[in-house]
Amino acid sequence: MSRLARLAILLVLTAYAAGAEADAVQEAEGVARAFYTAYTDGRTADIAPLWNADALAAVRPALERTAQTRCMTLDDLEVSGSASGDTVKVTARVTVTIWSAYPPDRPRSRVLNETLVLRREGTAWNIVSRGSVEEALAERLAASDEAAAEAPAWSEAWSAPELVQALCRRVVLLINQQQPDRATLLLERARALVDEQDFAGASAVAGVGSILIRHRGRPPAEIRLLVDESLRFAERSGDPDTLARALLRSGRAAQFATGETPEEPFARILALSDVVQDASVLAHAATQLAMLTSDEGDYRASLQYSVLALEHARRSGDATAQLSAQLNLAGAYSAQNDLQPAALHYEEAARLAEQTGNNIAAASVLGFLAMLRQRSGEDVSALFTRALQLVPDTPAGVDVLMELLPSRARVHIYRGELTVAEADLVAALGVAPCSLASNVNDVLLIMAEVRRHQGRYAEALALVSSVGDRSLWTESLAGLILLELGRCDEARPFFEDAVA
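The sequence shown finishes on residue 500 if you use my numbering, and the numbering steps up by one all the way, no holes.
Honestly, I wouldn't trust all of these hints.
Restraint ranges, calculated between C-beta atoms of paired labels, are given here [claimed, not checked]:
hint	residue 1	residue 2	range
1	Pro-433	Thr-97	52 to 62 Å
2	Glu-64	Ser-471	45 to 55 Å
3	Glu-64	Thr-97	12 to 22 Å
Please keep in mind that the hints were generated in silico from the structure rather than gathered at the bench.
Ideal placement from N, C-alpha and C gives every residue a C-beta, glycine not left out.
Produce the complete structure using the sequences and hints provided.
Given below as structure tokens:
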């Protein structure tokens, strides 16, 4: 075959490939248009055939929640696709008018800047992922201190209100990951955007600012000012989701200021269940009410609120909300000595904590799980080892050490390993000056248990006496030590106080 003939064949094949690629892009763009048309119309049944089955399972709850709580009209839709191998990436700019059934709400314009990735499955192109431009930009800015310090250059490819919300979500995530300095930088970026052009974002910025201040241990009054500002913005917005988030922050600020959980703000959030789009806010509110009713001794109501919290959390897909709900369910079952379901919920909570990068929570949860399994006679050494490996070298990490080391010492005492138990307690007392935790007395009482088992009764009694708080634990332990010393008359009043 001549060189000219070969060149002709190559040109034909290249043209064919280019035509096939253009056809693929056109088909994928058509799927994207069909998706956004059905999405804004609230036709979830028509969305399903356009998605990959596994990808749809992950996003379906949120799509259905949007259809249940929002009315939308599609005002404008621009799509542009590009092929790469066996996938097509479609960039979409979707302008919608959106409103809810909440009476003060009013129709407002919203711009969605999104990227869909599609893959051919059989004869059709199916959506395998969907993400917003703003979330991707927020993730990039949160990746390092240098990136967080950058002011994002304005672009029509993203929306300021959407970016503010995305940045605020990243701020909360960074706080949970014990990175408050980077969270502060990111919050400054969000605040600058609000000052430049976005009023609605002021509520999000003020609210997240209150979380950051609380994390840094600032006075409750300073937090209340930010929370009250957030609530004012939220009530003026007429948007039920904005109001629900502000009420959540208000309730938590009241908790921080008084040490007690107020029912009213969380009950108001659940009253908005039919109109709040972000189900994670409903989940957090139900979680707070579950803890409140548990503290009041109403375990039936606590379990009901915990189940409701998990239902809302799963609808939202929010891992942090699911973590809180799983912890509440574990606590509710554990309080009723129902150990098997409690352990299952602790295991899921630990998985979610590690998944979200919250090693503080993961370590603490693994400690709870270890103590629970120890009650069933299991060897929990590996659980404690894993928990201690996760503890970061931060002040919050020290607080977790003050939980884990005494808990492990209790297990060693139960197994008769008194020397190892004593080593854990000495280590806990060593880090105690750096901890904000208030369980030093617990460490001293566990050490008294060690001394009692060692037959060093005078030292054990001195340790109990050094604990100023009188409780069931101190009174019964003092009585037991005196009884073993044969000082029955002295032991009797302590036992009577313990019974009382």
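Checked hints:
In this structure the supplied range 52 to 62 Å holds for Pro-433 paired with Thr-97, their Cβ-Cβ distance being about 59 Å. Range check, Glu-64 to Ser-471: about 49 Å between beta-carbon atoms, so the 45 to 55 Å window is met. Taking the beta carbon of each, Glu-64 and Thr-97 are about 21 Å apart, inside 12 to 22 Å as hinted.
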